[in-house]
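So you can see what is in the structure, the chains are spelled out below.
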Amino acid sequence: MKCGSSWQLGYLIPRIVVLALLADGACRLLPMSALAFRGWEALSAPFPVDALFRPNACYRNTRSYGDLAALSNRPWLRQYRDEVFTTDALGYRNGPALCEQGPPEGLLVGSSFSVGAGVPDQETLTAQLQSVTGKRVYNAADVVADVARTRRMVQLLGMRRGLVILECLERHDIPSGPFGPSSRSEPAPRKHWLTVFKQQLEGSRLQILAQRGYKLLEDDCILPNPYAAAAPAKVLRNGATMLFLTADIDNHRRQRPVDHAAAYFSWVAAELRRDNLDLLVLLVPDKYSVYGPLLQEPDVRSEGVDPYLDRLEAVLRQAGIPVVNLLPVFRRQAGDLLDRGEYLYWRDDTHWNATGIGVAARELGRAWNSPCSPPPSPAPAQPLAADSIGATPHELPAE
Amino acid sequence: MLFNSLPFLYFFLPVTYFVFWQLRNKNQRYLWLTVSGYVFYGCWNYKFCALMAFSTLVSYLAGRGLLAWSDARRRRLCLVIPITVDLLLLGAFKYTNFLFESANGLAQLFGLAADLPALAIILPVGISFYTFHTISYIIDSYRGAIRPTRNLLEFACYVSFFAQLVAGPIVRFRQVEADLENLDRAERSARLNIGWSFFTVGLVKKVLLADTLAAQINPLLAHWESLGTVSAWLCALGYTYQLYFDFSGYSDMAVGLGHLFGIRLPQNFNSPYKAADIADFWHRWHISLSSCLRDYLYIPLGGSRGVRWKVYRNLLITMLLGGLWHGANWTFIVWGLYHGLLLAGQRLVGASWDRLPAWLRHGGTFLLVVVGWVIFRADNLTMAGGLLQTMFVGTAGPLMPWAPSLVAMLLIAAFVAHAMPNSFELRHEWRPVPVAGLAGLFVCCLAVIYGSQASPFLYFQF
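Chains F and C, in that order, are what the protein sequence lines are. Residues in the first sequence are numbered consecutively from 1, following the working numbering. Residues in the second sequence are numbered consecutively from 400, following the working numbering.
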């Protein structure tokens, strides 16, 4: 049997491998936005230095959906929404005109919650905060707040005074010491070239497409869905289904330490004071902390565990750190809105929606006016209009 | 790095293959295959390359000693030292924690205080295989079955050839000696088709059959306590076929890769689920291991010679150690003992068994093997006992939503395993239509490799 014959495996298989490799390479020319279902992945910079996102970019998707629906491979639980995600010249999520009138009065640093994952540009925390307070706040949120980067941003924006709002998501642990002096003049650390090379090697568009196709088979009918455990679906008291991150549920059930938090935030405040800036800490609860008590079947494993954010708030107040804890007001609002089928978080996402951001913006606005004293008791929850921002355009079918 | 992974298909194999066939000199080819073998092994954990190199060097030097010395005492040293080194390596890395845990458990049973610590020992991938390669080399050299090689590169190439390095087959030096000796005269085109044919068949067995079955049964076995009888049987059958296609698929791929480099590796599976009795099963399953156990353990113990109780003893010891070789867990020991008892039992009632109708002998053998695999697969003896009880004592339990899909896969798997010829019975000279079919299946495998999560071979930690 001649191996030169084209109808032999010795001829065909190596060529199939080469073709597949070429196809993989060709697909890498596809922009990530063609494959992404939301702005976060679509606009993430390939070689991020300071900012996570590509500068001067805009992403629009009328059928964006939540990270938990994607993570758990449950397409029938998606809440489709219109997402517009715009970045400025520095690669952060701000409108182009924000700094035209001079340095902003405030700087927001924090996680994807502050970035505004899942909501359009006009509904992010900084946009709503500006509506509430009339003050311009620059959205320098990334993945996790970094003091050195924050100070670099302050210098870059020309801020000589103002407020830094440090958003702390419940899921993220507070760093423990020791803490040395930060330097804003040091350049941002760059990733090792090997790490970047490995990331590029692993960033196969063909693999993303293949995984999407394979996930169609992993529907618990043909093949089991191995992703479901990452984001269990639970039923709320009103019969609606909501997805939660397993890590958040586990966190909620354990007593996490908070004693070291005062040292960290005191250090942050002292560092910011070097640049004549004030600090205001915003404690953002995980979705499970808010909606766990509203489940049809109560979570017995979290009974007896004091809420982490409440303990954290107490420690910070004792240390004299201005703080806004959203957990109590979120729990109240969530309970009040539940019967109307309205929520503070997307049901298919870890993140808050425009309604939740609106509540946070109002609380922040109150605290901004008196950052050194506890915020006044919130007014009783006002019923929201049915067509208010955050109303879900598509209702999830009850399971 | 796995055979069914993109880095292997896209980079490692093409580079290794291309450079190999550019080299003309035998030693150059030995060196290149050795280097590529260490690179392949290093992708798992580069620190353990030194271990393999040490084992290789000790056995090579012992072989040179056997060549140089005729003195019986020195020759015995050349036999004992490398075997001791290899067994110590194997024992230290594989069985230390198991011994400590078992000792702690035994002490607690007798009300004694014992707290031997669990050590942070990482099991080097494939240590059970390459130590057996070197042990078989030394024993065969000592017995005069082979002439030890003077060429360190040739020996290093034999031990570290990437195709069989981490999961077999266990290749004896005499099985590849001729091919290694003629490596510079190997023709690239001679076995290109057969090599890729074996590789494709193996890849299809591994990716499309074994991994699919694994995906369907593993979530159930993770919650075995809640299984009903039907689900337990589906899982047992699923694992039976998964293990066969996973391991035989890997062996086929190894054989195919060997052909691509001019080295013929031995057959490791010969349709084991077509066996008519347990002895026949062990002539067909993991042939390279069972023949090693026979030649280096069973026969030196006395084999089938001598009084009956000694034969049974030899069978039990051989199978017990064979079970232990698979892993440091009581389930493997019990599985080995189980097969030892079956083999002993066959000697006892073999004549009556042979008079049974063929379908009953084949079905009965298969059933006995399935029961053994339940023990083999279980995480511990509690799980093994629980699963077997569920299987044989009617227990109600929910059926998984993908049960119809699993049944369909089992039917396909059963047809391939019981009715179709195995890869060594195929001629591997395909007509255009089967070629197109196999090429299409290869493309499907690529799609699944791209789309699914990583799936290591079951035997990789052995």
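Keep in mind the hints are simulated off the structure, nothing from the lab. We put the CB at the ideal spot given by N, CA and C, even for glycine. Take these hints with a grain of salt, some might be off.
[As the list claims (entries may be wrong)] One side of the interface only, derived from the structure: several residues of chain C facing chain F at Cβ under 7 Å:
hint, residue
1, Leu408
2, Phe410
3, Phe411
4, Val414
5, Asn592
6, Ser596
7, Pro618
8, His622
9, Ala757
10, Leu759
11, Gly762
12, Pro800
13, Trp801
14, Pro831
15, Gly836
16, Ser851
[As the list claims (entries may be wrong)] Stretch-level coverage of chain F by chain C, calculated; a stretch enters the list once three of its residues show a Cβ under 8 Å from a Cβ in chain C:
hint, stretch
17, 114–121
18, 218–231
Against the structure, the hints come out as follows:
The beta carbon of Leu408(C) comes within 6 Å of a beta carbon in chain F, closer than 7 Å, and the hint placing it at the interface holds. At a threshold of 7 Å, the smallest CB-CB gap from Phe410(C) to chain F is about 9 Å, leaving the interface hint violated. The interface hint given for Phe411(C) is violated, since its Cβ lies 12 Å from the closest Cβ of chain F, which is over the 7 Å cut-off. Annotation: interface hint on Val414(C) violated; nearest CB of chain F at approximately 13 Å, more than 7 Å.
This hint holds: Asn592(C) has a C-beta 4 Å from the nearest C-beta of chain F, less than the 7 Å allowed. Hint status for Ser596(C): holds, given a least beta-carbon distance of 5 Å to chain F, under 7 Å. Against a cut-off of 7 Å between C-beta atoms, the interface hint on Pro618(C) holds, since the closest Cβ of chain F lies about 5 Å away. Taking 7 Å as the C-beta contact cut-off toward chain F, the hint placing His622(C) at the interface is violated, the least distance being around 11 Å.
Against a cut-off of 7 Å between C-beta atoms, the interface hint on Ala757(C) is violated, since the closest Cβ of chain F lies about 35 Å away. Interface restraint check: Leu759(C) against chain F, minimum CB-CB distance 35 Å, threshold 7 Å, status violated. Below 7 Å, beta-carbon pairs count as interface contacts, and Gly762(C) has none with chain F, the closest being about 29 Å; its hint is therefore violated. Annotation: Pro800(C) was flagged as interfacial toward chain F, and the flag holds, the nearest CB pair being 5 Å apart, inside 7 Å.
A distance limit of 7 Å between C-beta atoms decides the matter here; for Trp801(C) the minimum to chain F is near 6 Å, and the interface restraint holds. Taking 7 Å as the C-beta cut-off, the interface hint given for Pro831(C) holds, the closest approach to chain F being about 4 Å. Interface restraint check: Gly836(C) against chain F, minimum CB-CB distance 11 Å, threshold 7 Å, status violated. Contact between Ser851(C) and chain F, as hinted, is supported at the beta carbon level, the nearest pair being about 6 Å apart and thus within 7 Å.
Note: the stretch 114–121 of chain F has 0 residues with beta-carbon separation from chain C under 8 Å; the three-residue rule is not met and the coverage is violated. Check on the stretch 218–231 of chain F: 7 of its residues sit with their Cβ under 8 Å from a Cβ of chain C, so the three-residue criterion for coverage holds.
When held up to the earlier numbered hints, the structure conflicts with 2, 3, 4, 8, 9, 10, 11, 15 and 17 and fits the remainder.
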